[in-house]
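Chains as they are written, first to last, in my numbering: chain R, 1 to 310; chain W, 1 to 310; chain G, 1 to 310.
Since the hints were made in silico from the structure, they are not lab data. Take these hints with a grain of salt, some might be off.
For chains that are exact copies, the list does not tell them apart, and a pair is met inside one copy or across any two.
Think about it this way: if two alpha-carbon atoms lie no more than 30 Å apart in a straight line, the pair counts; the simulated BS3-like pairs of lysine-lysine are [stated by the list, open to error]:
#1 Lys-300 - Lys-203
#2 Lys-120 - Lys-8
#3 Lys-84 - Lys-203
#4 Lys-2 - Lys-123
#5 Lys-223 - Lys-297
#6 Lys-145 - Lys-118
#7 Lys-203 - Lys-125
#8 Lys-235 - Lys-2
#9 Lys-203 - Lys-2
#10 Lys-297 - Lys-203
#11 Lys-120 - Lys-89
#12 Lys-300 - Lys-2
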Amino acid sequence: MKDYQLLKTLCAIPATTGDEQQLNEFILEYVLDHRDDWDSQPAIFAGDGFQDSIVLAFGNPRIAIFAHLDSVGYCAAYGNRLIKIGGPKAEDGAILVGQDSRGPIECILRKREEVDEKDKDGKKKDIFEYEFNREIDRGTPLTYKPDWREDTVSIQCCYMDNRFGVWNALELCSNLKDAAIVFTTYEEHLGGTAQFIGRFLYKSFGCRTALISDVTLTSEGIKHGDGVAISMRDKGIPRQRFLRSIIQHATQAGIQFQLEVEDAGGSDGTQLQLSSYPWDWCFIGPPEENYHSPDEKIYKSDIEATQDLY
Amino acid sequence: MKDYQLLKTLCAIPATTGDEQQLNEFILEYVLDHRDDWDSQPAIFAGDGFQDSIVLAFGNPRIAIFAHLDSVGYCAAYGNRLIKIGGPKAEDGAILVGQDSRGPIECILRKREEVDEKDKDGKKKDIFEYEFNREIDRGTPLTYKPDWREDTVSIQCCYMDNRFGVWNALELCSNLKDAAIVFTTYEEHLGGTAQFIGRFLYKSFGCRTALISDVTLTSEGIKHGDGVAISMRDKGIPRQRFLRSIIQHATQAGIQFQLEVEDAGGSDGTQLQLSSYPWDWCFIGPPEENYHSPDEKIYKSDIEATQDLY
Amino acid sequence: MKDYQLLKTLCAIPATTGDEQQLNEFILEYVLDHRDDWDSQPAIFAGDGFQDSIVLAFGNPRIAIFAHLDSVGYCAAYGNRLIKIGGPKAEDGAILVGQDSRGPIECILRKREEVDEKDKDGKKKDIFEYEFNREIDRGTPLTYKPDWREDTVSIQCCYMDNRFGVWNALELCSNLKDAAIVFTTYEEHLGGTAQFIGRFLYKSFGCRTALISDVTLTSEGIKHGDGVAISMRDKGIPRQRFLRSIIQHATQAGIQFQLEVEDAGGSDGTQLQLSSYPWDWCFIGPPEENYHSPDEKIYKSDIEATQDLY
């Protein structure tokens with residue numbers, strides 16, 4: 001049976017948007033430790049001028065696989081208030097962990113609705129607070145406490161989004177040829193990294209084709225166990241010519257896949273499209289339920305279909 | 001009398017955002033067929049690295065005319081649901097056409113309101129569905145069935161936005177000097193092409209001045225028959241120095257124009273402004289009524305004023 | 001006592017987004033008049049290709065200080081309607097000034113709420129109109145009539161946002177080394193300048209570190225008199241590594257500062273992040289009350305703390 005130990009480890013490393021240093025260091029170390037087992041040695045681009053993102057260039061990259069490092073979470077504001085990082089979806093009572101100048105933190109998320117006083121029509125909004133035995137330093141990022149669950153059918157934990165995508169990209173490294181692996185930041189909150197990495201790859205290698213290695217949502221049309229999801233569109237619309245070539249490939253290869261058509265959700269693909277470089281992109285990954293919560297669940301068979309397609 | 005046969009043909013070619021291949025091919029063929037009649041021969045940039053956009057560079061371009069190829073429409077999702085491409089405004093009952101793996105499609109648009117279950121305040125949202133004798137392949141784009149109407153005063157059809165702008169740009173080709181014609185994609189949905197074309201023109205020719213060849217909306221201040229509209233602002237605000245030079249030119253040339261001041265609506269001008277290159281831009285075009293519907297109507301006199309100004 | 005004459009003058013120069021020519025010229029003149037008193041002479045980049053923005057490069061810039069020139073305001077539309085430029089917050093009755101083809105304007109702002117007919121749920125929206133003895137030319141920008149108020153504790157006027165930031169940047173010029181001062185436009189409305197200036201600095205000097213010289217808002221956690229605000233986040237999230245280095249510096253230098261954590265508000269920092277270049281950025285400035293109104297108030301002690309930190 002497939003061993004998901006590496007994925008479990010990845011899910012437990014805190015890396016909210018803007019603060020991905022620890023995960024960046026873990027991956028760089030992993031690459032240095034494992035590259036001798038890979039078919040070819042990638043050029044490694046990281047550090048100065050790359051913020052906390054990493055590019056691994058195998059050969060002469062014609063295609064790039066983007067996997068974002070950052071996750072949603074919460075950030076301590078004034079008093080016991082929390083502000084969202086990205087779009088976390090945990091319920092009241094979730095356990096959050098972190099670290100500030102006074103030591104480690106394990107606190108409880110409190111969530112309630114309140115009328116927005118600034119809204120003319122009295123619209124409601126969510127209020128997030130923490131319950132802890134002391135005040136937390138302003139700006140401290142908090143993440144879900146990891147709770148890995150696995151059975152024969154599925155795996156479940158916080159931050160499958162997007163440690164699955166990162167894991168999938170790392171697994172690909174063993175026999176990659178003329179492709180780049182890209183680990184980005186800022187995907188969950190506003191974007192920003194994909195643009196400059198896109199520029200770097202375009203100018204360095206003429207590369208302008210991207211696969212987005214991430215997880216999507218189960219929905220009316222996308223089900224657990226029905227295979228890897230190929231997104232025909234989310235908020236953004238990828239080039240349909242490029243999309244059709246991928247669908248054709250998946251069909252011919254006999255891979256179990258499902259076509260996703262949504263009007264919301266974005267990815268580094270959207271950021272690449274809005275950049276000053278002519279990128280083609282396509283989102284490919286397994287569906288999960290309970291997205292952005294501590295309980296993100298993915299089916300193992302969908303993971304296998306995803307690995308078949310990449 | 002002016003012959004609008006070419007515009008009529010353009011309005012009937014489906015080209016929703018992301019899927020402009022057919023219109024791209026039509027225009028390339030048109031250019032190859034007609035360029036011998038033009039005063040000067042443009043350099044043609046298309047294909048690899050340009051997605052479905054096209055750049056025609058006449059001489060050494062000091063100014064670029066941007067006309068977007070793509071149109072709004074609908075995209076088949078799950079069951080008989082449709083998702084919007086851009087912001088279509090058709091009423092319930094409109095006829096939509098398309099093509100999928102099982103053949104040609106002519107179906108009826110169904111539109112209704114429903115309470116948004118995800119909204120805390122029970123806000124209403126529009127639901128779009130199709131009525132057809134079979135299910136349509138996921139992701140299939142659907143467009144309005146063209147119905148060209150013309151009298152002495154006006155022309156009316158779907159997709160005047162922006163086949164008028166495309167037609168206007170093609171008409172200019174016969175005696176253009178030191179200017180570029182740019183056919184873009186993604187204008188109706190999220191943007192993305194103007195940015196990389198803007199980069200291309202800036203780096204290739206030092207060109208950073210754009211006119212946006214498109215149609216605008218009739219409104220409280222913009223009327224059919226009052227001439228070409230020069231937009232002083234929409235969602236974006238063009239450089240007022242540049243705008244004033246255009247207004248001055250139009251005044252001195254005795255062209256019938258009307259000044260538009262709106263707080264909404266965007267164009268490739270907005271995308272150029274948000275890019276990493278210092279573009280000046282101005283939106284110039286005739287007003288239409290029933291925008292983004294199957295019944296977009298433009299006055300012929302406003303078309304003539306537009307052609308006078310360009 | 002500190003003399004704020006220059007800041008008072010800056011607050012009185014109209015420069016709504018897109019129309020910053022007059023302020024651009026004032027600053028260029030100021031630079032030419034005063035640079036002989038500065039420790040080193042900057043290279044001046046302005047004019048062609050820079051729109052109304054200005055870059056002063058001292059030595060070999062490792063860091064850039066961004067101060068936006070433009071302010072919020074209103075723009076004459078049809079009839080006596082006004083459209084917002086950026087997000088002005090004046091109350092009904094505020095005095096607006098401007099200039100059009102028929103001469104100088106001093107009119108009264110009328111503000112009322114109205115049900116938005118286009119909204120399905122009958123949401124209310126603000127309507128802005130002017131009261132004046134004649135119609136105003138379409139597109140004419142209107143700004144608050146300046147009313148400078150100063151006592152021992154505070155200064156108050158319209159457009160502290162961002163003439164304070166501009167003034168702060170100009171004050172720094174006297175002994176700046178290996179840094180750039182950047183005056184941008186479009187910050188209050190959609191953005192656009194920071195992107196191309198960011199590209200220019202990155203390509204010319206390899207510079208990709210920015211301080212945003214601006215004012216922020218008093219809030220639950222940010223108080224008048226508590227020192228300069230260092231923003232840990234607003235709508236955007238700056239690189240936390242970079243932020244921590246600034247906080248450490250401020251702490252070691254014994255500067256009075258307060259940490260801001262908000263979920264809204266943006267700046268040229270956001271624009272730099274979304275560009276194709278890997279900028280680090282941090283927002284640093286004093287808090288003000290009554291933001292975007294004619295009565296923006298800042299404490300002098302917070303100004304001094306700001307100048308200490310820069």
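Right, here's what the structure says about each hint:
1. For the homomeric pair Lys-300 and Lys-203, neither the shortest alpha-carbon distance inside one copy (38 Å) nor that between copies (46 Å) is at most 30 Å.
2. For a Cα distance limit of 30 Å, the shortest separation of Lys-120 from Lys-8 qualifies neither inside one copy, at 46 Å, nor across copies, at 35 Å.
3. Taking identical chains as interchangeable, the C-alpha atoms of Lys-84 and Lys-203 are never at most 30 Å apart, the minima being 35 Å within one chain and 35 Å between chains.
4. For the homomeric pair Lys-2 and Lys-123, neither the shortest alpha-carbon distance inside one copy (48 Å) nor that between copies (46 Å) is at most 30 Å.
5. Taking the shortest Cα distances, Lys-223 and Lys-297 sit within 30 Å of each other inside one copy (12 Å), while across copies they are farther apart (44 Å).
6. Within a single copy, Lys-145 and Lys-118 get their C-alpha atoms only as close as 33 Å, which misses the 30 Å cut-off; across copies the closest is 27 Å, which meets it.
7. Taking the shortest alpha-carbon separations for Lys-203 and Lys-125, neither the intra-copy value of 44 Å nor the inter-copy value of 43 Å comes in at or below 30 Å.
8. In this assembly of identical chains, the alpha carbons of Lys-235 and Lys-2 never lie at most 30 Å apart, being 34 Å within a copy and 41 Å across copies at closest.
9. Proximity of Lys-203 to Lys-2 under the C-alpha cut-off of 30 Å is found in neither arrangement, the shortest distances being 38 Å within a copy and 47 Å between copies.
10. Taking the shortest Cα distances, Lys-297 and Lys-203 never come within 30 Å of each other, neither inside one copy (38 Å) nor across copies (45 Å).
11. Taking the shortest Cα distances, Lys-120 and Lys-89 sit within 30 Å of each other both inside one copy (26 Å) and across copies (14 Å).
12. In this assembly of identical chains, the alpha carbons of Lys-300 and Lys-2 lie at most 30 Å apart only when taken from the same copy (9 Å versus 64 Å across copies).
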